[in-house]
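There are 2 protein chains.
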Amino acid sequence: METDKNKVGKYEFLAEPFHCDFSHRLFMGHLGNHLLNAADFHSSHRGFGMPYLNPLHKTWVLSRLAIEMDEMPLQYSTFAVETWVESAMRYFTNRNFRIVDTDDDSHVYGYGRSVWAMIDTQTRRPQNIMEIRDGEIMKYVDAEKPCAAQPLSRVRISEGARLVRTIDTHYSDVDVNGHINSVKYIEHVLDLFPVSRYKEYAVKRIDVAYVAESYYGDKLSFYMEQLSEEDFLVRITRHREDGTDETEACRCGIKFVKDYK
Amino acid sequence: METDKNKVGKYEFLAEPFHCDFSHRLFMGHLGNHLLNAADFHSSHRGFGMPYLNPLHKTWVLSRLAIEMDEMPLQYSTFAVETWVESAMRYFTNRNFRIVDTDDDSHVYGYGRSVWAMIDTQTRRPQNIMEIRDGEIMKYVDAEKPCAAQPLSRVRISEGARLVRTIDTHYSDVDVNGHINSVKYIEHVLDLFPVSRYKEYAVKRIDVAYVAESYYGDKLSFYMEQLSEEDFLVRITRHREDGTDETEACRCGIKFVKDYK
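Chains as they are written, first to last, in my numbering: chain U, 1 to 261; chain X, 1 to 261.
Hints may be right or wrong, so weigh each one.
Covered stretches of chain U, as calculated for chain X (at least 3 residues, CB under 8 Å) [unchecked claim]:
#1 20-30
#2 33-40
#3 158-172
#4 188-194
Example chain X residues on the side facing chain U (calculated, C-beta under 7 Å, incomplete) [said to hold, decoys possible]:
#5 Pro17
#6 Phe18
#7 Cys20
#8 Phe22
#9 Leu36
#10 Asp40
#11 Asn128
#12 Glu131
#13 Ile132
#14 His170
#15 Tyr171
#16 Ser172
#17 Val176
#18 Glu187
#19 Val195
Since the hints were made in silico from the structure, they are not lab data. Only a predicted model underlies this, so the values are computations on that prediction, with no experimental measurement involved. Idealized CB from N, CA, C, for every residue including glycine.
Construct the entire structure; sequences and hints are all you get.
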């Protein structure tokens with residue numbers, strides 16, 4: 001099936017030498033950043049991105065992100081991120097990703113899924129996506145292009161999850177909106193595991209549900225539940241220095257695999 | 001003066017949306033990463049980079065890095081990093097950087113300086129750079145191209161520097177060589193300052209002297225000495241969990257400025 005270039009954006013990236021881990025493969029956090037870049041470029045080029053929305057006091061907010069890999073790009077390899085809107089409703093859009101070898105379209109590294117809401121930057125209330133340019137986003141919906149990643153899962157964590165780390169947030173955690181950067185949660189979660197885990201396992205899939213924004217100065221606590229040798233859930237809460245005002249910020253599911261493919 | 005493209009490499013980068021701080025300007029750490037990328041591409045394209053050296057069990061080691069900015073690229077702007085070897089001696093090369101607007105060569109963001117050594121990856125001993133391809137690096141030396149950054153300074157820290165933070169090292173700190181990534185030191189050092197400092201000041205210059213490698217599992221301690229309202233020195237030591245085996249890993253000088261230009 002021919003890709004509809006009007007609907008599907010395709011952006012090339014390099015697995016930069018210092019963005020790779022000891023196994024010479026791209027860090028999941030950096031891949032996540034490339035996916036967010038691709039989403040940003042795709043929506044901006046089609047007139048419903050931040051450059052159009054921000055003067056209207058509206059912005060996209062990432063609500064869910066899942067990345068499921070068969071293989072991670074090796075250091076110095078170039079790869080492309082394809083992204084498209086699978087569906088758009090009043091308050092949410094589903095956006096998919098396909099990560100593929102730049103030189104060989106049959107060499108697929110993996111897929112991603114995401115859900116985005118639109119909010120008013122002043123009231124923080126959800127906005128009707130169909131009111132933007134008269135629902136023009138529907139022109140770009142591609143419901144046919146296959147996405148081989150499993151559907152987004154709910155990430156249900158039991159009350160028995162164990163507090164494994166509490167960290168401070170710093171200057172480099174904060175994005176242009178003053179919130180903790182979405183990708184930083186992924187990095188902090190994967191940093192909960194010792195390097196020995198990455199010597200034996202690769203990350204097959206990560207599911208992130210962004211529940212509430214956290215801010216510079218918040219402390220973040222990480223509660224982990226191990227479901228099997230390869231499956232973990234992590235709840236991240238934000239709270240004050242003295243531990244009060246603890247609120248759930250984010251939930252993650254992490255699935256490891258012994259070997260890719 | 002015409003740039004000698006054989007000697008000077010020029011690489012384009014984007015100030016990616018999620019690589020910018022709350023002021024919508026590129027984080028210094030990400031700029032540092034782009035400089036290291038440019039150095040890597042420049043040396044590889046000319047036959048004395050890692051792809052040639054690694055099979056010979058040799059590698060470049062960054063010994064000093066200084067970045068001095070008149071302005072930081074704004075979110076979404078494209079910029080180019082020029083890099084060239086200013087001089088090469090038996091055991092060290094001096095490599096310079098110029099960061100410039102892609103569309104306007106007279107719009108210079110800043111400059112950088114660095115010193116690199118070559119070592120044997122097994123013995124970790126310094127190697128004679130002139131023995132690589134019969135000293136071919138000398139063909140690429142450009143001693144004429146101007147670099148407006150101040151010379152590398154010594155970064156002398158007094159014994160009175162105060163311990164301000166101790167951190168653990170994690171999976172995402174570790175580079176392909178198993179060492180703590182050079183850019184991570186910059187991020188950790190700039191994270192010692194509260195966001196309020198970055199609301200009032202910008203980083204004018206950072207000097208880093210890499211003294212000894214640190215590894216995953218090391219704890220890093222940061223000792224700070226304040227010289228003036230705008231000038232700080234930081235010593236980073238690596239040590240074991242119990243505080244023993246404390247060794248200096250890195251020294252940094254940070255110069256802030258109220259406003260760029």
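Structure-based check of each hint:
1. 20-30: holds (count 6)
2. 33-40: It holds: at least three residues are needed, and the stretch 33-40 of chain U offers 4 whose Cβ sits within less than 8 Å of chain X.
3. 158-172: holds (count 3)
4. 188-194: holds (count 4)
5. Pro17: holds, 5 Å
6. Phe18: holds, 6 Å
7. Cys20: holds, 5 Å
8. Phe22: holds, 5 Å
9. Leu36: holds, 6 Å
10. Asp40: This interface hint holds because 5 Å falls under the 7 Å limit.
11. Asn128: At 24 Å from the nearest chain U Cβ, Asn128 of chain X fails the 7 Å test, so the hint is violated.
12. Glu131: violated, 24 Å
13. Ile132: Since chain U brings no Cβ nearer than about 19 Å to Ile132 of chain X, farther than 7 Å, the hint is violated.
14. His170: holds, 4 Å
15. Tyr171: Holds - the Cβ of Tyr171 of chain X comes within 7 Å of chain U, reaching about 5 Å at its closest.
16. Ser172: Constraint on Ser172 of chain X satisfied, holds at 5 Å.
17. Val176: Hint on Val176 of chain X: holds, closest Cβ of chain U at ~5 Å, below 7 Å.
18. Glu187: holds, 5 Å
19. Val195: holds, 5 Å
When the structure is compared with the earlier hints, violations turn up for hints 11, 12, 13 and for no others.
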